[in-house]
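Order-wise, the sequence lines are chains F and L.
Taking this note's numbering, I'd label the letters of the first sequence as residues 1 to 503.
Taking this note's numbering, I'd label the letters of the second sequence as residues 1 to 503.
Since the hints were derived computationally from the structure, they do not count as laboratory data.
Since this is a predicted model, take the numbers as computed values, not measurements.
Don't be surprised by glycine CBs; every beta carbon is placed ideally from N, CA and C.
A couple of the hints might just be wrong.
For lysine-lysine, the following DSBU-like pairs were computed, each having C-alpha atoms within a straight-line distance of at most 35 Å [stated by the list, open to error]: (1) F:Lys126 <-> L:Lys460; (2) F:Lys226 <-> L:Lys138; (3) L:Lys15 <-> F:Lys226; (4) F:Lys119 <-> L:Lys138; (5) F:Lys192 <-> F:Lys154; (6) L:Lys226 <-> F:Lys402.
Some chain L residues close to chain F (C-beta under 8 Å, calculated; not the full set) [said to hold, decoys possible]: (7) Leu41; (8) Gly67; (9) Glu105; (10) Thr230; (11) His236; (12) Thr240; (13) Phe242.
Protein chains: 2
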Amino acid sequence: MNYESAAQALSSFDKRVEQMRAYSHAMGVMALDASTAAPRLSAEGRGRTYAVLSQVRYELMADPENGALLAYLESHEAELSQIQKRAVQLFRRQYEQLRRIPMAEYVDYEVLLNDSQAKWEEAKNKADFSIFQPYLEKIVGYNRKFAVYYDAEKAPYDALLNEYERGLTMETLDKFFGALKDALVPLIAKVKAAPAIDSSFLSRFYPASQQEKLSYLLMDALDIDKDRCTLAETEHPFTTEFNNHDVRITTHYYENALASSMYSVIHEGGHAIYELDCDDRYNYTLLSGGVSMGIHESQSRFYENILGRSRPFLSYLFPKVKELFPEQLQDVDEELFYRAVNKAEPSLVRTEADELTYCMHIIIRYELEKRLLDGSLAVRDLPEAWNRLYRDYLGIDVPNDKAGCLQDSHWSNGLIGYFPSYALGSAYGAQMLACMERDLGDIWPRVSQGDLSHVRSWLKEHIHKYASLYEPDELFRRACGEFDPKYYIDYLEEKYSRLYNLK
Amino acid sequence: MNYESAAQALSSFDKRVEQMRAYSHAMGVMALDASTAAPRLSAEGRGRTYAVLSQVRYELMADPENGALLAYLESHEAELSQIQKRAVQLFRRQYEQLRRIPMAEYVDYEVLLNDSQAKWEEAKNKADFSIFQPYLEKIVGYNRKFAVYYDAEKAPYDALLNEYERGLTMETLDKFFGALKDALVPLIAKVKAAPAIDSSFLSRFYPASQQEKLSYLLMDALDIDKDRCTLAETEHPFTTEFNNHDVRITTHYYENALASSMYSVIHEGGHAIYELDCDDRYNYTLLSGGVSMGIHESQSRFYENILGRSRPFLSYLFPKVKELFPEQLQDVDEELFYRAVNKAEPSLVRTEADELTYCMHIIIRYELEKRLLDGSLAVRDLPEAWNRLYRDYLGIDVPNDKAGCLQDSHWSNGLIGYFPSYALGSAYGAQMLACMERDLGDIWPRVSQGDLSHVRSWLKEHIHKYASLYEPDELFRRACGEFDPKYYIDYLEEKYSRLYNLK
């Protein structure tokens, strides 16, 4: 069709965006329901519905008319606002990427992910990788294909990394992870040699119903608006959002691990705050929501660790936790609690790892993903390769695949290339802390009173409110200047040297 | 388009049905999410998505090509199976009805219902009818319009009744309710004159977390497969289903009313069993699921009252309930429990009414709906009219609209003409019991052992397995012969005469 004016083209553009959004919204709610509430045997019906809706969504997104519309708007760029220009750019990117994927593959992949989610849960519960293996093989196969569609000139894994953090490459990550390993390996060794912290009280019996009360207490402590964000339970904690008035976080209660759900809620709470504090103007547009996984994880890991595991925050929080669990924490004081939740020790499960060893979990996943994508590792050999890396890098034996390569939900969700953003986000967060302290001075006295508003305001002003207006690297640069992993390394060295009285 | 064969036309038919089903499924999950998990302020985004999807669904359903396709299949009826013939009939009915509603009205109505749901909840929580009034005015307005579209020759309320129970009219209901009133009014008077039953122990403090355990115990007692049916909490209990592998029931816990959630779970469990026991062959077709609200309520009210409030079932169940609430039920025995949950007493809330006075609640709603639809009652005068009827028919004063005309979620969901099916269903159920006892002999000894399988098998064989294959009146006639309210009246007279030692 021919467009007569930018205004007319923009009206067509908005209508198309609104349609695609509606399908993503509906399928997103169905996926959320599948993880939180749907019965186990509901997968077949949901798969049939996904097949119909994802085909329509594909047709909407890959419609050749979009190409003409985008070309018209691009040639009238001078008449567009900054937001409109960015929306056109994001639509163009999505369109170019999607139209290269044949529709049948796209739809099959959506249905596959629905089935895989159920199979992964079953495999994890039974600690039996063989149940999930054929599904993961297909997922990896599709991702290798899609990577070529995305950018045939890039190595497949680079093409996937680019999906989660624009511009991120194996070259960058090899350097970043190299610097981290150089600093962390000796630091971990020193910590190992120091007297261990006794955190055994964290494994006492903490009833799920009381932990649920703690979750709501934490949401209040983080000032999360419950009229715009609710909490549910899932096998694996996550955050999902539809707009800044509809955000969901989930957690998982383990009755013998107090810190597990507690820090999941704070982590997902950090994601939620990013989404809730996006400016209203971006709602229902392509600029809606956080811009990248790296920036998103910077917020979640900032809340979880830099704030949530800090001495000042815990001096505010601990008395409230003790009120909920007076018997279990009878012989525990603030200092012991602080030390226990920061105890560094090589462990099996990423989501429960301490800050110091956390990145080793990411490096392991990064190396495995690289090999799965370049074909040097077959999916069937994944458990063995996983277990070997845990022995080599963390010195521990993996007892079964539930605590091993089945622990995370990412791969069953098709998220290959996502994990590095956790490490990158952690490092972003440490640099943000330095910038925040440069701007605000000492942030901690107010934190120890339970007042986090200055921290949140800084993050909102520099990160959150922009939603997806800027590319992640530009957003970060505007907030903090050039990215430098030394802030993160310094942060970890200082924190753990003090905690373990290291020289 | 021209069809070349019945096979080709059927393939097009199936594809169209599958598409419509997918949209209904997605919007159904979104509605379920809205009631169970979504944050309060999510309504706007959901409304936008409904607007897009319901428009597409409308276009699919009202597509003029459907008319040609249906005509072709109707003229080749000899080549169709019984199931296919019925599917064509149901599609025709839906098509004829929908294509008369202008699309803009259809979409606006879907969006209105989404908004109304949130407003009704707010109004109920604040006991303030004025919040909900403008929404109910619009809902009634649309229903009056739609009734004319459905069947301009019928009185509007008859046209709506026909939606929930095909063929049901005010004439039939006036007779049925007349017979009920004739029998119940004197019976209620006798019960009122008899010594009252002390049920005060049911209002002790029963923590929601323990009541939740009771819910799962009840689902086990009813043998509800939790891999195909899950439980959630909502303001108002309901059942929703997508296919016989994906059924959801909800309840609401009141910590000072043990019987409330207990009988909600059994009631919704009855709905769920009907859906779960539909034959697999009907899944994903237009014949999927229970055939009418009247038949559905016959199942839910059968489980809730005829079984769930029976002495034999309670002799099995009570010891288990007592285990969950040993302190609260310390001084209570089986007989007292049985008498308390059957205590007949005019009360405010329909869902918690005893079997004897229940139908008076329905008759009140029926009379109000009739007047709302014929225009003799304005929505703004509804609270007053409601309160007057409660005084006239049940002799009680309604303290506020929360306990009055805001108590039910039906009207905010657009369900006008639904209520009579509860009374009809109750009467159907009593007649089914008589037929079952004729076929099986004394069903109660096994029930008192907690074995309900013979009852469920009878219902499955005569009702459930057929899904929507037969019209409700035919289904009932095949199972029980001609409908006769005397079974229900006899059942109530016998039960309450014994309970209250009446002559």
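How the hints compare with the structure:
1. For the given pair, Lys126 of chain F sits about 34 Å from Lys460 of chain L by alpha-carbon distance, which is consistent with the 35 Å threshold.
2. Between the alpha carbons of Lys226 of chain F and Lys138 of chain L the distance comes to roughly 30 Å, so the proposed pair stays at or under 35 Å and holds.
3. Of the supplied pair hints, the one linking Lys15 of chain L and Lys226 of chain F is violated, its CA atoms being roughly 41 Å apart against a limit of 35 Å.
4. This hinted pair does not check out: Lys119 of chain F and Lys138 of chain L have alpha carbons roughly 46 Å apart, beyond 35 Å.
5. Note on Lys192 of chain F and Lys154 of chain F: the hinted pairing is violated, with a Cα-Cα distance of about 40 Å set against a maximum of 35 Å.
6. This hinted pair checks out: Lys226 of chain L and Lys402 of chain F have alpha carbons roughly 24 Å apart, not beyond 35 Å.
7. The interface hint given for Leu41 of chain L is met, as the beta carbon of that residue sits about 4 Å from the closest beta carbon of chain F, less than 8 Å.
8. Checking Gly67 of chain L against chain F: minimum C-beta separation of about 22 Å lies over 8 Å; hint violated.
9. Annotation: interface hint on Glu105 of chain L violated; nearest CB of chain F at approximately 20 Å, more than 8 Å.
10. Nearest Cβ of chain F to the Cβ of Thr230 of chain L: about 5 Å, under the 8 Å cut. The hint holds.
11. The beta carbon of His236 of chain L comes no nearer than 17 Å to any beta carbon in chain F, farther than 8 Å, and the hint placing it at the interface is violated.
12. A cut of 8 Å between beta carbons decides the hint on Thr240 of chain L: the least distance to chain F is about 11 Å, and the hint is violated.
13. With 8 Å as the threshold, the beta carbon of Phe242 of chain L comes within range of chain F, its nearest partner Cβ sitting at about 5 Å, so the hint holds.
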